[in-house]
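Residue numbers (this note's numbering): 224 to 679.
Derived from the structure by calculation, the hints contain no laboratory data. Glycine is no exception: its CB is placed at the ideal position from the N, C-alpha and C atoms. One or more of the hints may lead you astray.
To be verified - Quick list of the computed label-pair ranges, beta carbon to beta carbon:
no., residue 1, residue 2, range
1, D584, G282, 48 to 56 Å
2, D584, A425, 15 to 23 Å
3, D579, I640, 19 to 27 Å
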Amino acid sequence: MDEAGSPGSLREPRAAALTPDVLTQLHQTIWTERGNRVGLDVTVPPCPYTVDELAALDGAGRRVGYLPPEVATRSTRHVLGAMFPAMDCYSLQPDNEVENIVSRPGWFDYEAAIDAPYGDTTEAELLQRVAADGRELISLNQYIVAAQDSRLFTGHYLDERRTWPRIGIRVTGRIVCVRFDGDEMAEGLGDEPPQPGALLTAYDLHHDFRAPYTGGRSFGVARSERARTLPAEPPAPARGVHVSQRGAVDLDAEWRRQVDRLVAAGVAAELGLTPESYAASLPRFTPQPATYAGRLDAPVLVETRIGWRRQFELFGIRVSPILAVFPAPVPTGPDSAHRDAPYAAWFTRWGQRFDDPTSPDEARADLRADEVGANLVEGGAVAHAFPELVEAARFFDFVGEVLPAGETDGPLSFEPIDRTPGICRWRGVPEFGCNLYPLAFSVFRPLVRGREITTT
224 MDEAGSPGSL REPRAAALTP DVLTQLHQTI WTERGNRVGL DVTVPPCPYT
274 VDELAALDGA GRRVGYLPPE VATRSTRHVL GAMFPAMDCY SLQPDNEVEN
324 IVSRPGWFDY EAAIDAPYGD TTEAELLQRV AADGRELISL NQYIVAAQDS
374 RLFTGHYLDE RRTWPRIGIR VTGRIVCVRF DGDEMAEGLG DEPPQPGALL
424 TAYDLHHDFR APYTGGRSFG VARSERARTL PAEPPAPARG VHVSQRGAVD
474 LDAEWRRQVD RLVAAGVAAE LGLTPESYAA SLPRFTPQPA TYAGRLDAPV
524 LVETRIGWRR QFELFGIRVS PILAVFPAPV PTGPDSAHRD APYAAWFTRW
574 GQRFDDPTSP DEARADLRAD EVGANLVEGG AVAHAFPELV EAARFFDFVG
624 EVLPAGETDG PLSFEPIDRT PGICRWRGVP EFGCNLYPLA FSVFRPLVRG
674 REITTT
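Work out the full structure: start from the sequences and follow the hints.
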């Protein structure tokens, strides 16, 4: 069994072969191999479902899976990420903030169909329907195991074709949706080339959003397990300034580091300059204004002589195909407009100026006289200067730009509201896009620049 689980790599027991003993042996085999990948010794207890329960579940289109206690919670989800590295999602970080509503280990059953049920529901409607069925929303840990089992048995991940189901996880208090990439591009979900095996966790879902492709996934447990109570999982840890941005800055050393990164990315060659002449064309960092201390502590070189799309290509920042359905981004004011000459400026560190999740509109309203909302070129410069931030799921809203409200075309339709661009980590790489709603998200902070810049 490899990570992907090629079609037919494991035969799924059906009909008379579907017994508790067969399932116990099968999942022990599965989890012995998975545990060996990460040095985890997993013992699968006897399957608690009766033969009659298993037959009823099979007839209802449900499959039984097993989630070891060692990998059942938010705080241990990163172990699943190590088992299945193709998932490569921010929700698998050791300090991730994607909280399970219920973290239930052990045996569970789930909908086996590749496309999710409960389509075209809002958050409230989904919760009502799932409760009426006597079930609960599946946790992200359960969902990962279910999707990987589906791949083993059928050659397909759950939701790889047409659906974005809400499941039992919350990001900044809202239930959000997930899906997996399969081997082929999904249908009706935008022209986004798949990264087979990638886990996509959409943090920016509004609780009232509904579409034919938004469904939900639920789980149940054996009758003998239903009275078991579960301890509450500790809340996600508070996340502040990342280690890559902590401490005092040696301006000369930091300037050299950023210049070297720009040269390595091919910026000097793109401009037809040698590394030495390119460095000479850039301004030096000047001492931090005293009033910036504690707010604007990150010096960054901003290159403006190459268009932002080409810069992002050089920096390894993918431009999201979803942007094609929205109007082009524009500055929110003259202070955030594009400049012709490269410059050096001081920016916020992630989690510094805005300690807590803050919406773009709240951030713009709170800007001080010496602060300016960062534009997309500046955002790309920060992402390239500090790649550890995106890697660690610390993303920025570029509050100096906005995608103006306008009608959207194509199979994906969204309400006409202003949206703010930013960079996140998607399908394993930094991606420039926009959040669908101008809300505060725990993995985002507004990016702000000090008004003073240095051009020579």
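Verification of the supplied hints:
no. : hint                    : in the structure
1   : D584 - G282: 48 to 56 Å : holds, 51 Å
2   : D584 - A425: 15 to 23 Å : holds, 21 Å
3   : D579 - I640: 19 to 27 Å : holds, 23 Å
In this structure, every one of the numbered hints holds.
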